[in-house]
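There are 2 protein chains.
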Amino acid sequence: MDQPIGVIDSGVGGLTVATELMRQLPKEQLIYLGDTLRCPYGPRPKEEVIQYTMEMVNFLLKKNIKLLVIACNTATAFTLDLLRETLDIPVIGVIQPGARAAIKVTQQMRIGVIGTEGTIVSKAYPEALHSVHSDIEVYDLACPRFVPMVENGVLEGDEAYQVVKETLQPLKEKQLIDTLILGCTHYPLLKDTIQAVMGNDVTIISSGEETAREVSAILGYQELLYEGERLPEHAFYTTGSWQVFAHIASQWLEIPITTLETAYLTTA
Amino acid sequence: MDQPIGVIDSGVGGLTVATELMRQLPKEQLIYLGDTLRCPYGPRPKEEVIQYTMEMVNFLLKKNIKLLVIACNTATAFTLDLLRETLDIPVIGVIQPGARAAIKVTQQMRIGVIGTEGTIVSKAYPEALHSVHSDIEVYDLACPRFVPMVENGVLEGDEAYQVVKETLQPLKEKQLIDTLILGCTHYPLLKDTIQAVMGNDVTIISSGEETAREVSAILGYQELLYEGERLPEHAFYTTGSWQVFAHIASQWLEIPITTLETAYLTTA
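The listed protein sequences correspond, in order, to chains A and F. Counting from 1, position 86 in the first sequence corresponds to residue 86 in my numbering; the numbering is continuous, with no gaps. Counting from 1, position 101 in the second sequence corresponds to residue 101 in my numbering; the numbering is continuous, with no gaps.
One or more hints might be untrue.
Remember, identical chains collapse to one label, so a pair may be satisfied in a single copy or spanning two.
Simulated crosslink set (SDA-like; lysine to any residue; CA at most 25 Å straight-line) [to be verified]:
| id | residue 1 | residue 2 |
| --- | --- | --- |
| 1 | Lys104 | Ile204 |
| 2 | Lys63 | Asp88 |
| 3 | Lys174 | Asp192 |
| 4 | Lys66 | His130 |
| 5 | Lys104 | Asp192 |
| 6 | Lys62 | Ala235 |
| 7 | Lys66 | Pro148 |
| 8 | Lys191 | Val202 |
By construction, these hints were calculated from the structure, which means they are not laboratory data.
Pulled out of the complex, with its shape left as it was, chain A reads as follows:
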């Protein structure tokens, strides 16, 4: 079906999901909207996250999307159920796919989750894990220093290593976990550093990859895959500066951006 897939995020972190969607579903067209102006969502109150997310959803619905990906963990935690009830297109969040992937790989049934304050306080990951498997032990940890660090482009080197090491100390000690969910779409950009700190015995789950697979499964199952031969033209929108957005997208993720516009969001 030749309609685009909509992807929303609080900012640029969701580009890690978009990259995986392009890789795993190279025929599909994406419309990405990042609310860079109001990023981060992590420390904001629930009502505000819901309001901002609904504004983004309304913007994309006007673009005739066939499926919505909430590529932000905080927004998923607070709006997934609501959006599934109210929209008549499939809605995929980043939390359930990450949780399912972690259950697939854990051997000791001890899973760590790191994310923003909002995501961790919401307990969305423990709920998603326990809805599938009651006996999983979940160790969750808010990492408020990671998003600002990533937004400043500090992804590796001594400073990144020190911050990651200090932050993850509670999960690292006593070898509590064998699997760690990156419960924030910014964190895959720190994956190498996180893996170095946690050691190779811990399997790291990146929700972007897993979410792309779930999108693929749902599109296939619902017979919504595009099966023609046109090449996709992705469109990117940001509520903030498009220069910064374009810089980050090309520097970090090597996403070729041809269409990039500023989005002005309004309530309903």
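Fit chain F to the known structure of chain A by using the hints.
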């Protein structure tokens, strides 16, 4: 939702899928039906595979299943579309999940597929791969000696190694592929031997694991997951000898089987 998941297979191979379902969805109840009496399906004509599969489906529909897993690649290749059109419950085959998982991991876009004659001749894997990604190079190979070997319990050692090595030679030489799909649910039982022959540079995709994840995704998406607290009681049916079935299940897969009965299949 407290209805069982139905799993059908030509024999015991689908137990590799059932094991993964139990691991990834430990709250869900399974009803497994293996057509051991008429196994293997691989060399049979299409019409016969369709007829036998429909008989199995009718048997399970009377057990009030909420979702059907076709845990046999040959049956998936020949009946998935038909069953999706005619049944009003979700139907998951083993081919699409394996194809999607392979696309996720391949770096060089060169994927090998091994399976029965029926599965390979049907071209179901190349079609599934190309429907998602036009540029994938697919190298497929029928391995008619593997199922009889597995059914005879030859899973490792010199004989298994020799047969696997001779059979896979066309894929092994020239380092054609970086990913290999085990397109038959018997093959995961030979996984160690296949990995030894192909070398560690080739990532092996086992459709059982992937299918269980897709079942989890669809049940979650359709809000069909069981969320109560009762422990599951799985039921197993075979059209052949239950002694042989029970022996294989306990020897290979350590599946605890409490309920095992003989199924008498009839047309419609």
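**Asked** Does the structure break any of the earlier hints, and which numbers would those be?
**Response** 7
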